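Please put together the full structure from these sequences, using the hints given.
Chains Z and B are the protein sequences, given in the same order. Just so you know, we're using numbering that gives the first Met the number 0 here: the first sequence kicks off at 0 and counts up by one. Just so you know, we're using numbering that gives the first Met the number 0 here: the second sequence kicks off at 0 and counts up by one.
Accuracy of the hints is not assured; some may be wrong.
Computed Cβ-Cβ distance ranges for the label pairs, DEER-style [said to hold, decoys possible]: (1) B/ASP414 <-> Z/PRO36: 45 to 53 Å; (2) Z/LEU365 <-> B/ASP370: 55 to 63 Å; (3) Z/ARG76 <-> B/ASP370: 19 to 27 Å.
Just so you know, the hints here were simulated from the structure itself, not pulled from any lab data. None of these values were measured; they are calculated from a predicted model. Beta carbons: idealized from backbone N, C-alpha and C, even for Gly.
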Amino acid sequence: MSGDRTYETVIGLEVHAHLLTETKIFCGCENRFGAPPNSLVCPVCLGMPGVLPVLNEQAVELAIRAGLAFECTIHERSIFARKNYFYPDLPKGYQISQFEEPICEGGRVPLPDGSEVALIRIHLEEDAGKSFHPENGGDHSFVDLNRCGVPLIEIVSTPTIRSPDMAYDFLVSLKQILEFTGISDCNMEEGSLRCDANVSLRPAGEINLGTKTELKNLNSFRAVRDGLKVEIARQEKVLRSGGEIVQETLLWDAAAQKVVTMRTKEESHDYRYFPEPDLPPLILTAERLEAARSQLPELPVGMRIRFAEAYGLREYDAAVLTGSAELARFFEETVAHFPDPNQAANFVLGPFLRLMKEKNLGWADLPITPARLAGLLDLLAEGSISAASARNVLESMAATGRDAARLTESLGLTQISDDGAIRSVVREVLDGNAPQVAEYLAGKEKVFGFLVGQVMKATRGKGNPKVVTPIMKEELAGRAGKKRG
Amino acid sequence: MDWNSATATDIARSIASGSLTARDVIGETITRLDRLEPGLHSFLSVRNHDDLVREAEAIDRAGTKAGPLAGLPIAVKDNICTVDLPTSCGSRILEGYRSPYDATVVERIRAAGGILIGKANLDEFGMGSSTENSAFGPTRNPWDEKRVPGGSSGGSAAAVSAGQAILALGSDTGGSIRQPAAYSGLVGLKPTYGAVSRYGLVAFASSLDQIGPLGRTVADTALLYDVISGYDPRDSTSVPGSRPATARSLDRTDLKGIKIGIPEEYFTDGLDPEIERAVRLGIEALVDAGAETVSISIPHTRFAISAYYLVADSEASANLARYDGVRYGYRDSQADDLDSMYCSTRQIGFGTEVKRRILIGTYALSSGYYDAWYLQAMKVRGLIAIDFERAFEKCDFLVTPTTPTAAFLLGEKSDDPLAMYLSDIYTISANLAGLPALSVPCGLTGNGLPIGIQFMGKPWNEPVLFAAGRHLEKRLAPIGCPGEESTS
Numbered sequence: 000m001s002g003d004r005t006y007e008t009v010i011g012l013e014v015h016a017h018l019l020t021e022t023k024i025f026c027g028c029e030n031r032f033g034a035p036p037n038s039l040v041c042p043v044c045l046g047m048p049g050v051l052p053v054l055n056e057q058a059v060e061l062a063i064r065a066g067l068a069f070e071c072t073i074h075e076r077s078i079f080a081r082k083n084y085f086y087p088d089l090p091k092g093y094q095i096s097q098f099e100e101p102i103c104e105g106g107r108v109p110l111p112d113g114s115e116v117a118l119i120r121i122h123l124e125e126d127a128g129k130s131f132h133p134e135n136g137g138d139h140s141f142v143d144l145n146r147c148g149v150p151l152i153e154i155v156s157t158p159t160i161r162s163p164d165m166a167y168d169f170l171v172s173l174k175q176i177l178e179f180t181g182i183s184d185c186n187m188e189e190g191s192l193r194c195d196a197n198v199s200l201r202p203a204g205e206i207n208l209g210t211k212t213e214l215k216n217l218n219s220f221r222a223v224r225d226g227l228k229v230e231i232a233r234q235e236k237v238l239r240s241g242g243e244i245v246q247e248t249l250l251w252d253a254a255a256q257k258v259v260t261m262r263t264k265e266e267s268h269d270y271r272y273f274p275e276p277d278l279p280p281l282i283l284t285a286e287r288l289e290a291a292r293s294q295l296p297e298l299p300v301g302m303r304i305r306f307a308e309a310y311g312l313r314e315y316d317a318a319v320l321t322g323s324a325e326l327a328r329f330f331e332e333t334v335a336h337f338p339d340p341n342q343a344a345n346f347v348l349g350p351f352l353r354l355m356k357e358k359n360l361g362w363a364d365l366p367i368t369p370a371r372l373a374g375l376l377d378l379l380a381e382g383s384i385s386a387a388s389a390r391n392v393l394e395s396m397a398a399t400g401r402d403a404a405r406l407t408e409s410l411g412l413t414q415i416s417d418d419g420a421i422r423s424v425v426r427e428v429l430d431g432n433a434p435q436v437a438e439y440l441a442g443k444e445k446v447f448g449f450l451v452g453q454v455m456k457a458t459r460g461k462g463n464p465k466v467v468t469p470i471m472k473e474e475l476a477g478r479a480g481k482k483r484g
Numbered sequence: 000m001d002w003n004s005a006t007a008t009d010i011a012r013s014i015a016s017g018s019l020t021a022r023d024v025i026g027e028t029i030t031r032l033d034r035l036e037p038g039l040h041s042f043l044s045v046r047n048h049d050d051l052v053r054e055a056e057a058i059d060r061a062g063t064k065a066g067p068l069a070g071l072p073i074a075v076k077d078n079i080c081t082v083d084l085p086t087s088c089g090s091r092i093l094e095g096y097r098s099p100y101d102a103t104v105v106e107r108i109r110a111a112g113g114i115l116i117g118k119a120n121l122d123e124f125g126m127g128s129s130t131e132n133s134a135f136g137p138t139r140n141p142w143d144e145k146r147v148p149g150g151s152s153g154g155s156a157a158a159v160s161a162g163q164a165i166l167a168l169g170s171d172t173g174g175s176i177r178q179p180a181a182y183s184g185l186v187g188l189k190p191t192y193g194a195v196s197r198y199g200l201v202a203f204a205s206s207l208d209q210i211g212p213l214g215r216t217v218a219d220t221a222l223l224y225d226v227i228s229g230y231d232p233r234d235s236t237s238v239p240g241s242r243p244a245t246a247r248s249l250d251r252t253d254l255k256g257i258k259i260g261i262p263e264e265y266f267t268d269g270l271d272p273e274i275e276r277a278v279r280l281g282i283e284a285l286v287d288a289g290a291e292t293v294s295i296s297i298p299h300t301r302f303a304i305s306a307y308y309l310v311a312d313s314e315a316s317a318n319l320a321r322y323d324g325v326r327y328g329y330r331d332s333q334a335d336d337l338d339s340m341y342c343s344t345r346q347i348g349f350g351t352e353v354k355r356r357i358l359i360g361t362y363a364l365s366s367g368y369y370d371a372w373y374l375q376a377m378k379v380r381g382l383i384a385i386d387f388e389r390a391f392e393k394c395d396f397l398v399t400p401t402t403p404t405a406a407f408l409l410g411e412k413s414d415d416p417l418a419m420y421l422s423d424i425y426t427i428s429a430n431l432a433g434l435p436a437l438s439v440p441c442g443l444t445g446n447g448l449p450i451g452i453q454f455m456g457k458p459w460n461e462p463v464l465f466a467a468g469r470h471l472e473k474r475l476a477p478i479g480c481p482g483e484e485s486t487s
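Given below as structure tokens:
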């Protein structure tokens, strides 16, 4: 009987984003990824007896910024709470989080199609450490507490996401905003952006929510989309066969493309939240919020419109260039040194991004500065280098970090645009290819391309085609005259 | 100098004037300490004698630059972190644990020239009223070794009372400084919440805990309070702003214009008539000094014990979660998986009272019970705070007994937790409301046991409490010292 129903998908996402602070949320330890295990720790983040937390104001600043960027209500008063559970990577036996009175409520994330997903809340909390269970570790597990106390915001969406693709778009847009505003670097490989998904189905038209499952271990945006697709299909199959969904927490196994049960509702924790007595309520003054508002960096949507208008770019190019904060910044710095934004956009979106992808280059260690790229664009624009050579020079720039002019010279790629030099090569080519010249003069115009090709060959590709073509026509016309005369 | 009655103030003055050396003081203290330990069992650990002597000699060389506590041997309750001695909290689970840092109060004492002599015994994690809940055995009351010194700061009280230290630090979550001060014939202060940094105090109930001084006289207690109090950026509940040194307020000539409130709820059933008589005499002495009395009411007092144990135990259930055998302290290494390691480590590592309180607190915070227990208790806490605010519209501070009885016998209440909890009945409200409260000796019982009178003041009114205590000291006959006849 339930076999021919249509079901509506209901998805809510919980996103954890590490904040880009100098230090941890409750102590002075450095907030940095990749240090040797247990090297960025102190008595406070190790939860030694007698220590107390002191709130990092920079973390508060970034949480306020998130509230502004996502248009939340930012509360003048919020409180911290203890979330109690036992685990070896949680040294205090509780995580300091926010529960009943979070710093931000409401808000929204805009989607590319112009729609939006409403948020429930954004709250501040500390991260836990990391446990390792290496295969060769015997009966031992290992704990790295460097991540303990790294500041996080948890962003909770309303259950209004209707498809895995919409979840994907939500995450792309959310990440873009967090990156643009300098709130988080959103590096999923380093765990600085993590996402859990709650998903349920209900018969189309039904108002009440169905039983949900929580999906964890979603390590990439693609994993979110794939995991949700698989889980939705699983739930639909259960429901269509008349079964019931069991409320449980599931782990996504990306390799096997399937979900596995982590814990059932009966095994779920009672976190026994209560207000953190070691921290007074967080009070934000109107002045502080106003100051944060005036310092809010440009958001992606605004930047896209500005790129299109101020630089006269095509909508599509503006959208792609503002797709990542680093790319947008790189482009803006490039056009600060180079006068033609469209030409710059073409080169950046074309050869430049292609090279970054091919060579697997990251923004952090990119050897090409915007000023140097502008130097290459100058050479291209003034005709000192061919488009093909420009790509070679770009590659050398990436490999050596040297500037375009010097590389062009040392690679011998400087384009020949000198009239006299070109004319003498053209004459040599015409002299050496008399049969072809005759064919051309007899009306077989296709031969023109062959003759230009011979010039390029003779100049080893450095003849500027814009100069070669008119001279070639002139010279051929001259020979036609001679022949007639 | 008579060591039985020597005060910190006298000794400090003598060292400053050169009539006594810190070396003499530490030598005498070590002698008394060694003579009385392990019988009294005031200490869980004592510093190496040579180190103590070297430190005293350094203070003598520094002369007047050594600070207000120069050369004074000070006992520190063993739930306050120190780098040079273990910090066990009287618990097997932290036996031998060495803190990597000094508590703020310990830093301040060292900077003021005080000499940390040893770590004082206590009820495990501060949970108890007799020091019998120490995993390492009870402390005895120097006034009567069959009796308890009170608790949980019983080791601190016994040490100062017996002259094994000149001053001591305790911690007070529900009366743990004042009750042992009363039982041991000492002055003890529970400061305003936020006056003294808790950084380095191993937490029992964070919103109630406060470190405070114990001394033989009001002036001694004020001397130590002035050193340890003040804002600490490492404790977010520490209150910024400078406050006048209390020691200066001690010379107030009389109590004219001061109104003392007598809360009726503190003079009812359960109060030993001998204690009541002594406290009434104390009140008369304050009236002689110029104070007026007003009768007032703290109507929600009868809910205080219930509210207190719910709030304190809820916080304790989280605060003690970190003792899980993973990183430091005791671990049951026989266990074969994580969950059984957690369970047996905590089963073996914690004592009965601690486990009882963790269970109560865990229950009170559980889903479905939170509103009825924890939240309700927090509401009562708010009502009690309002009761005090109203009372302080009519008076400057309240006067009550510190305890309903004098020191009880070892073992007398060990099997009856409720009877034990009731010995804190007069002291817990000051913690719930965050108020300063001072216990001052107020005569002896017929059995020769000390009696304490308590002053509870408005926040930051420690100077008023000390001034009143000083007037009481002047007007009452001194109770003398343990082991000698009262001079009255």
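Right, here's what the structure says about each hint:
The given range of 45 to 53 Å is respected by B/ASP414 and Z/PRO36, whose C-beta atoms sit roughly 48 Å from each other. Separated by about 56 Å at the C-beta atoms, Z/LEU365 and B/ASP370 satisfy the suggested range of 55 to 63 Å. Look at Z/ARG76 against B/ASP370: about 21 Å separates their beta carbons, and that is inside 19 to 27 Å.
When held up to the earlier numbered hints, the structure conflicts with none and fits them all.
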